[in-house]
Structures are given as structure tokens and as C-alpha cells.
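Protein chains: 2
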Amino acid sequence: MTDLADAVRSGDRFSLARLLTMVENGTPQGRQALDELFAYTGRAHLVGVTGSPGTGKSSLVNQLARALRGLPAGEEPHKVAVLAVDPSSPFTGGALLGDRIRMRDLAGDPGIFIRSMASRGALGGLASTTAAMAQVFDAAGFDMVIIETVGVGQGEVDIARLAHTTLVVEAPGMGDDIQAIKAGILEIADILVINKADRPGVENTERALRAMLDLATPERMANRPCGHHAPGVPGGPGQDEQDDPVWSLPVLKSVAPQGTGIPELVQAILDHGRYLRRSGAWRQREMARLQCELDARLHASLEQRWRSQLPEGYYEAVLQRLGQRDVSPHQAVAALLDPQEAPAS
Amino acid sequence: MTDLADAVRSGDRFSLARLLTMVENGTPQGRQALDELFAYTGRAHLVGVTGSPGTGKSSLVNQLARALRGLPAGEEPHKVAVLAVDPSSPFTGGALLGDRIRMRDLAGDPGIFIRSMASRGALGGLASTTAAMAQVFDAAGFDMVIIETVGVGQGEVDIARLAHTTLVVEAPGMGDDIQAIKAGILEIADILVINKADRPGVENTERALRAMLDLATPERMANRPCGHHAPGVPGGPGQDEQDDPVWSLPVLKSVAPQGTGIPELVQAILDHGRYLRRSGAWRQREMARLQCELDARLHASLEQRWRSQLPEGYYEAVLQRLGQRDVSPHQAVAALLDPQEAPAS
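Residue numbers (my numbering), protein chains in the order written: chain G, 146 to 490; chain B, 146 to 490.
Same shape as in the complex, but just chain G (with noise of 0.2 Å):
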């Protein structure tokens, strides 16, 4: 093993710092210290944390990971890792700026990490990077990885699908609309929380959220990993899930700032680890989550190997000649794919 793989093991915070900038940024050096690390990977709990801006996110996400840290006497206090994945620009620097935030309010405490992604176009995509980095920490010893998404579109959801349970966060006055509460989040959420729970209409939102769960039962994404089944693999859909004990979705109520609710959410969220781990779907999930990881690389790589083969300028001239609407994007694409076959000019 490397110095560095070793280091990031026994727990050096720098060279932890550095892998996971590594990791970021698609170095070979950091690919390669993550091969050696791979197989050290598969302990921590991945608790994904998405909701709409303004829901307060981040300080719940604070509070969770101070909460998580001081643990009753009797369990060991767990190592806790903090991911936020901001596909938000970087030039303006939410991020960043969060970030400090945070750091002033977590730092000095060994058992937490926290990272900001804020770079949109990571090398193979944002969620295989973020893949990545949890694996880091996953390997660094940290038993629970945080991750924390902003909105609920597909970016996220594939995001989330990293995770073995994930949070949705809702405040009140966002919730009344018809289109307010998206379907799609009953796909990813594993646990409902109603934080700024002290604010008006907070009996509007929980009401709609009840009802949509009355109202739904919808295929639960993480059994469908990337949009595809996987036949044939150990802890695949279908296998462990005859006798599985069922998780009935909570809807939790937060008020961050002030610690209201937040006991009950870690409650929560280490129920619902070991609901995972008793049904089978703790393995089901990972390999859920290994394959999209799996997935989202394999693009990268052959879209990589096809434009390394493409002679010189012909994709620009294929683009060109789709510009002029000489041939359309259907006819344009089958004369990248096949440069010898069809000349673009």
C-alpha cells in the first residue's frame, strides 16, 4: 500500500485533506490510493440529506452531526464525515461560504470531517466523484458519511441513491401547492423531517405530506438502481425481500437552530440502519449503489476511447454540417459513431 492510503487509514486528517482533493479532481495518484482502499470500504452508514433551498438543510445537517458524535454512554461515539455536494457554480461561492460557517461552529472536535464540493463538472460526473469520496471516508474509518444535496431533481436523486437511507427535508409555506410536493421524492426518502417546524403552516405541510403517503405507494428507487434491474446478483431485488420486515416512512418534525426533534431523527436514522441490515436491503442497496458508481464511470470512459479514435476536426465538421441542418442529430450521430462509413464531408 501507498504512504498516502496508509496514512488516510491510520487516521491522518492532512493526507485525508489531500486523497479527497485527489479524488476531486480524478488525479491518477488518487485513483490509485483508491483501488487500495476499496477494500477496506463497506462499513459506514451513507445517510443522503436533500430538500429544496430554504429548508434549512445545513444546519440540520450540523446539528445531526453533532448529535451523532455525542451519543448516549454505552454505543461508541461514531466518526462523522460531512459531504456537501453544491452543483451550484463556483464562482459566486455558496459553498464556501457555508462552509465557514460550519467550520466555526464543528472545528475542533477529530471525529468530525467535513468537505464541500462545490465543483460542477468533476471529472466522470458529480455523483461518481461523490461515490468516491465517500468511499475515502468510508476507508478513513468514519462510520457515518453524511451527504447533503440541495433540491430534489435528477442530479440529486441519483446523488441520494449513493446513500442507505436517506433524509428529504420539507419546511412549512412551501408545501400547500399542487405541484409543491414532488412525487419523486417518496422514491428516494427513507425518512420525512418537517424542520422550521416553529413556523406557521407546519400543520399544512405534515397533512400533505401524510396524505401523499396515504395516497402512494410508489416502487422504491433504490431497488432499481440507475433505472435497471440486475438480474442474477447476490442481494439483487427480488431475493432477500420475501419475509422483509416493513419500514413504514416516518415524518419527523425539526427546529434546528434550537436541537428540536433532532434525538428523534438520529433515532431514526440508526433504526433505520439496522432495519437495513435485518432485511437485506443494506446489501441490496450497495450494490444498487456500487453499480450506478459502476455505470456512471463506464460512460465516461467510453465516450473518452471514442473521441481519442475520432480523426481530427470531423466532429466539428459533423456539428457544422447539423448546424446548417444538412443532416439531422439521428443521421449526425451515426456518422460520428461510424467516421470510415459515413464522411461528414
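Do not take every clue at face value.
[What the hints assert, rightly or not] Derived, one-sided and incomplete: chain B residues facing chain G with beta-carbon distance under 8 Å:
| id | residue |
| --- | --- |
| 1 | Ser197 |
| 2 | Gly468 |
| 3 | Pro474 |
Calculated directly from the structure, the hints in this document are not laboratory data.
The structure displayed is predicted, hence computed values, not measured ones.
Quick reminder that beta carbons are idealized off the backbone N, C-alpha and C, glycines included.
Assemble chain B onto chain G, guided by the hints.
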């Protein structure tokens, strides 16, 4: 030209609906018609409307469609298509419910066509399918195509990038938080709208938006198709921009159900269209848009081709070894890219 393409060109609504379904499902017949129709595209003004849930986007889009139809004498009334892209689950039917309400509202006007896309797993990706459906409307003579998406995640950004003009919709009470107004919206917005402007807190939202506008001058993402530049492409970045008239992002207010602010919004959209044409940015965005579509289709085709060449059961075997942590994700990709060189078992 096939009968179907011909019928769509001549304005037959039933054929249009049929072709849209074919395109959404990725049928060969739909692809053929699209190939034939592609030469007739390029006239429509594509307007993207995006924003968080609860901002009243759908109601705003309805009002916009209605207003665009009824422009003052002297200007030819627009034919308006609305394409509502809802990547959330088809299970609970959010999009369908919204649709029924709209249908009732705008039914009977032959110059308006409304279509929802609720399917998450569209062949070749949601953005690609959205682009293809917009092309169908374009070829069918709709000169305004409004593409409505939920949220401002990466998926929505991809879709917004299809548009010539992108409206980002905000609402009071969602914008006072440190994370509330995501930096990302400045990269995609051409027009900012504060809808529900009769609600308390509208001044705060406006102040926050204007403050952010003053602070940041982010690189316009519309000029960076899919994250990469396209050197040497006519109309590409840098060529027409020297003496650009400047578009200064307007911040408008509206109360959609009452129609307040709608005429100003319509004016801003038309102004932006004129600005794009005058500055050369129209062509530039169109090229960016076509390139995004081309790339998305390429990726899908590359994967399909690679998968068809893989020995049966090989993928599953590699995945299993990954699950046992015998190989890292990086090593698994290497094995999948070159099955002969690195056998999995």
C-alpha cells in the same frame, strides 16, 4: 416525405400528438419522421421556464401562453406550444393532474398545444427527448415553444440550456436564506420573475436577487454547451460577441392568476428574442443546443453499442466481483472495457 411528417407539417393536431408520443417512446417511425422534419426546424423561439416547486410556474406558463396568443394587432398571433417536463414519478401522476387543469383552462384554442412529459427514463435521456419534442413543435409551425421544468438541479439546467430564453421563477418567502437563491440560477436565467408578488416578503426577495446580480458576473452557461467549448464552429463563442449589445437581466414581478405583470413579461421575452438575433447569440445558443443534443444521443448510442458486444453474463460477473470488493470500481471498468484482456473470472 412520409404521410406522418407531411400531416404534422400541415398542422394536423392528431398527427402531431401521435408523433410526439412516438418521439417520446423512441420508436423508429418517430425517428424517421424527425429526420425528415429536421430541415424545417430553426424558426421557433424556445422559452424555458424553471423554478422551485411552489413558485406558481404552471399558472404563470398558462398566462404566458394565453398572452402570447393574444398579442396586439399588427403582430401576428403566435402559435404556442407548452412542453411540461416533469421528471418526477409517473406513479402519482402530478403532471397529469396539472395537465387536466390546464386543458380545461386553455382548451378550444387551436393555436395552443399542451403536452406533458412525465416519463423519467426516456430513451437517450430526458434532455434529448425534450429537444426532439421541441423540434417537432418547431417543424409543425409553433413559433413559441415554452418548456417548463421543475427545480434548478443539473437535469433542469440541461433542459433550460435547450432554450433561447430562460425564465427563472422565484416566489417570496423562499429567498431569505443563505442557501435560498442558488448561484446556479444566474448562469441560466435571462429573465428573473418573482411570481406571487402579492405575498409578504416580496421586497426581501427582490432585494436579495438584485444584490446577487450586483455581486456576480458569472460566465453565461448558455455559451458553454455541455461544459465544453466548440472552437471553430460558426456562431460559436467568441466570434460574434465583440460588439454585443448587452442584455441586462431584468427582475420582473407577477401575480399569475390575476394576470398582473404578464404583459411586461411577454415584452421581455420578445425583447430578449430580438436581442439574441441582433447580437448573433441566437445562432450561438442554437449551436450550443444542437451540440448538447448531439452529445446526449452519442452517449446513449455508445453505451448501446458497447453493451451489445459484451459476452453474456460478463457484466454481472464483474459487478459481483465489485460487490465482493475483489476489484475496485476503477478496475471493474477496465475489465468491462476490455473483456478479452482482463477476464472477470
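Status of each hint after checking the structure:
For the restraint placing Ser197(B) at the interface with chain G, the shortest Cβ-Cβ distance is roughly 5 Å, inside the 8 Å limit, so the hint holds. Restraint check, Gly468(B) versus chain G: the minimum CB separation of about 5 Å is within 8 Å; hint holds. Taken as an interface hint, Pro474(B) checks out: its beta carbon lies about 5 Å from the nearest beta carbon of chain G, inside 8 Å.
When held up to the earlier numbered hints, the structure conflicts with none and fits them all.
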